[in-house]
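These protein sequence lines map, in sequence, to chains A and B.
So that you can map any letter, position 90 of the first sequence is 90 in the working numbering, and since no number is skipped, the others follow by simple counting.
So that you can map any letter, position 169 of the second sequence is 169 in the working numbering, and since no number is skipped, the others follow by simple counting.
Everything labelled a hint here was simulated from the structure, so no lab data went into it.
Do not take every clue at face value.
[Unchecked claim] Distance windows between CB atoms, simulated:
1) B:Ser231 with A:Ala8: 39 to 49 Å
2) B:Ala312 with A:Gln35: 22 to 32 Å
3) B:Leu29 with A:Leu17: 33 to 43 Å
4) A:Tyr103 with B:Thr356: 49 to 59 Å
[As the list claims (entries may be wrong)] Which bits of chain A does chain B cover? Going by a derived footprint, with three or more residues having C-beta under 8 Å, they are:
5) 51-62
6) 74-88
7) 97-106
8) 118-131
9) 139-153
Where a beta carbon is used, it is the ideal one built from N, C-alpha and C, also for glycine.
These are the residues of each chain, in order.
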Amino acid sequence: MKHPPFPALKLPLLLVLVALLLALLGALWSRGQAQDAAQALQLQNSALNGARQQLDRSRQQQQLIATHLAAYQALAARGFVGAEDRLAWIEAAQQANRDAGLYGLDYRLTPRTSSLSALAQGLPLGQTTMTLTLPLLVETDLMRFLAALKARAPGVYRLQGCALSRLNDAKFASANQPQLQAECELQWFTVAEHTVAAKKGGRP
Amino acid sequence: MILNRRLILLATPRQIGVLDWRPGHMHWLGEFTHSAKGLADFRQMVIKHAGLPILLVADTVDEDYRSEVLPHVKGRARDELLSRKLKQVFRNARFLGAWRQERETTGRRDDRYLLAAFADADWLTPWLSVLHRERVPLSGITPLALACQYLLDRLRVHEPHTLLVFRLSHGLRLSYYQNGLLRFSRLIGGDTPTQLPGNAADDIAKTQLYLTGQRILPREARLHVLLFDPSGQLDSAQAQLNADPAFSTRLLDIPSLARALRIPDDFLLATPQIAPLAAIAGEALQLNLAPPELLQHHTEFRWRRALHAAAAGIALLGLGVTAAYWLSAQDMNAQAQQLSQQQQQLDRRHRAIAQTFPAQAAAPEQLAQTVTLARQLDARQPDIHALLAVIGQALQTAPEIVLENLSWTDNTLTAAGVVQLTLDAAVTPFDGNYRAAMQRIERFMHTLQAVPAVEAVSLRSSPVNADSNSTLSGKTFDANPDAAPDARFSLSLTYRESGRREVRP
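From just these sequences and the hints, can you work out the full model?
What follows is the structure, given as structure tokens:
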């Protein structure tokens with residue numbers, strides 16, 4: 001068998017080639033099938049993990065809603081969520097002034113600005129500065145006014161600061177006319193509802 | 001097993017018998033006489049079994065054996081050496097061959113060969129012509145004596161000097177084996193007077209003398225004689241031979257032979273000539289007397305079979321790999337299907353939960369964040385009442401200090417977390433004694449500093465600037481205090497409510 005008789009072996013050689021070809025084709029085809037199946041399995045695995053995470057997230061969200069929905073709706077009713085209700089703020093200041101029995105006040109509202117990101121924590125938090133100038137008879141009038149405003153305030157605000165000064169450079173003394181003037185600065189906070197609503201679109 | 005199927009021919013000058021053999025099975029196809037009809041029937045038989053390899057075992061009187069010791073060489077040198085030796089010994093014989101039986105253990109360690117040939121084998125030509133015409137893969141031609149050697153193996157005969165006496169219809173064959181290897185054989189034809197038991201014993205004795213004379217058999221060796229004769233005519237020769245101490249004779253019976261060959265007794269009894277054929281059928285051929293041109297078809301057959309086996313192996317391998325991959329793919333598909341069902345279940349549960357979410361509300365995270373932020377912003381703001389009380393109490397301890405302006409800024413939402421106050425006041429009455437005024441102011445600052453909620457008190461501006469780097473001008477005053485200017489100063493306070501936690505975003 002040192003020298004194969006090739007002329008007599010054409011058919012067997014062809015058979016070997018065909019077998020080799022078929023084996024290769026079969027192996028390649030099935031390998032492709034296996035690779036596709038492995039890829040599909042991997043994708044399906046990822047999808048399943050995604051579904052698990054989605055379900056966990058929805059449960060957490062359900063818990064969040066159950067915990068915070070009532071408070072959120074109350075905030076929305078107070079005007080913290082949504083567009084600014086400046087008229088309500090002015091009305092609250094006027095009403096507090098009347099409740100405290102004071103002598104009127106001047107107000108000034110600045111345009112709404114975005115709050116510092118450290119405070120907003122990613123929310124579309126805006127703030128509007130309201131400056132109130134009101135004459136006082138005694139210092140305690142300011143306390144009464146602030147207490148009345150807290151009771152009347154429809155939204156969320158913080159008293160940023162006040163400056164008490166004497167009117168007409170008069171000495172602090174009791175009199176029937178206001179001798180003091182207070183200039184207070186309030187920050188009204190609102191969360192823009194349209195942005196929140198836009199983000200609702202991203203909810204699963 | 002089917003791949004090992006082959007035909008074993010037992011050829012004699014008168015006829016040719018055919019055994020269809022495969023491991024564990026054999027079938028005697030009959031005998032074909034050396035005639036035109038016999039050749040035609042033989043040809044039909046060959047056509048019917050086309051594709052099967054054939055081994056031809058020849059039983060002829062015209063055979064010659066020669067034992068030779070030749071130098072140990074390999075490869076082409078050995079082929080050329082043997083070719084020359086065979087031509088030298090057998091000259092014009094067509095069927096000849098050499099078998100390297102063993103190697104000497106001493107001296108040059110030469111090789112011991114058995115050279116064999118059919119001196120006159122013209123009677124084989126018609127049969128071989130049929131095989132050649134039908135392109136039968138003839139694997140070899142070998143003498144019957146070699147087939148009988150395998151018969152001894154099957155019988156587990158281990159005597160060093162054995163003479164097998166085998167009677168068939170056409171004659172009596174005597175074959176000598178040394179240590180189980182064929183050394184010499186002769187056939188006494190059926191037309192010779194060997195029918196008598198005494199003649200058979202004489203022939204065996206003559207053969208022993210010949211072997212001794214040729215120094216094939218050592219003089220002192222005792223010859224172990226095995227007699228096999230299905231007709232029983234050699235039975236009486238056993239006693240005659242055993243009377244001579246140079247012989248040790250034993251009769252082979254059909255049952256023991258059939259048991260050794262693993263064939264039925266009746267089959268062996270009906271066709272005793274198949275015994276050596278069955279013995280050699282599954283063995284590799286060691287002594288092949290066929291010329292190379294007659295083996296061409298078998299060479300092709302072997303290549304063809306090897307290629308077919310390779311093709312089958314490749315196909316099986318491919319099938320195995322394909323099946324393994326396919327099964328793996330099916331397994332992974334099933335797993336993916338299972339995972340898909342699990343995912344659908346999770347999705348359904350997620351949708352069921354999501355349907356409970358209020359449609360008008362913000363995203364749950366933003367909702368919670370909004371509520372938390374509002375609570376932070378709504379958290380307790382500095383108590384202004386307490387803050388003013390601190391200032392008021394300090395002023396009560398210092399009636400000469402008159403408050404003019406007071407302002408504060410809530411920084412509790414910042415990192416500082418404190419309330420910054422600015423206090424503008426004046427020392428009244430002021431008689432122009434700045435030293436005394438400064439002492440009062442310092443006492444007032446100490447009073448404020450003593451309050452726990454006040455973290456720091458600093459003087460922003462004083463009634464007089466005594467700094468060496470600035471210009472200081474003024475005038476002294478008389479005793480009328482109304483004419484003196486006010487001793488105004490400004491303080492800065494850092495206020496932190498006691499126990500108050502910073503509200504930081």
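Here is how each hint holds up against the structure:
1. At roughly 47 Å, the beta carbons of B:Ser231 and A:Ala8 sit within the given window of 39 to 49 Å.
2. Against the hinted window of 22 to 32 Å, the Cβ-Cβ separation of B:Ala312 and A:Gln35 comes to about 28 Å, which satisfies the hint.
3. Separation of B:Leu29 from A:Leu17 is about 37 Å and conforms to the stated range, judged on CB atoms against 33 to 43 Å.
4. Hint check: A:Tyr103 to B:Thr356, Cβ distance near 54 Å, so the stated range 49 to 59 Å holds.
5. Counting residues of the segment 51-62 of chain A whose beta carbon lies closer than 8 Å to any beta carbon of chain B gives 9, which meets the minimum of three for the stated coverage.
6. Remark: the segment 74-88 of chain A is confirmed as covered by chain B, as 3 of its residues place a Cβ nearer than 8 Å to a Cβ of that chain, reaching the required three.
7. With 0 residues having a beta carbon nearer than 8 Å to a beta carbon of chain B, the segment 97-106 of chain A misses the requirement of three or more and the stated coverage is violated.
8. Counting residues of the segment 118-131 of chain A whose beta-carbon sits less than 8 Å from any beta-carbon of chain B gives 7, enough to reach three: the coverage restraint holds.
9. Judged by the Cβ-Cβ criterion of 8 Å, the segment 139-153 of chain A is covered by chain B as claimed, because 4 of its residues qualify and three suffice.
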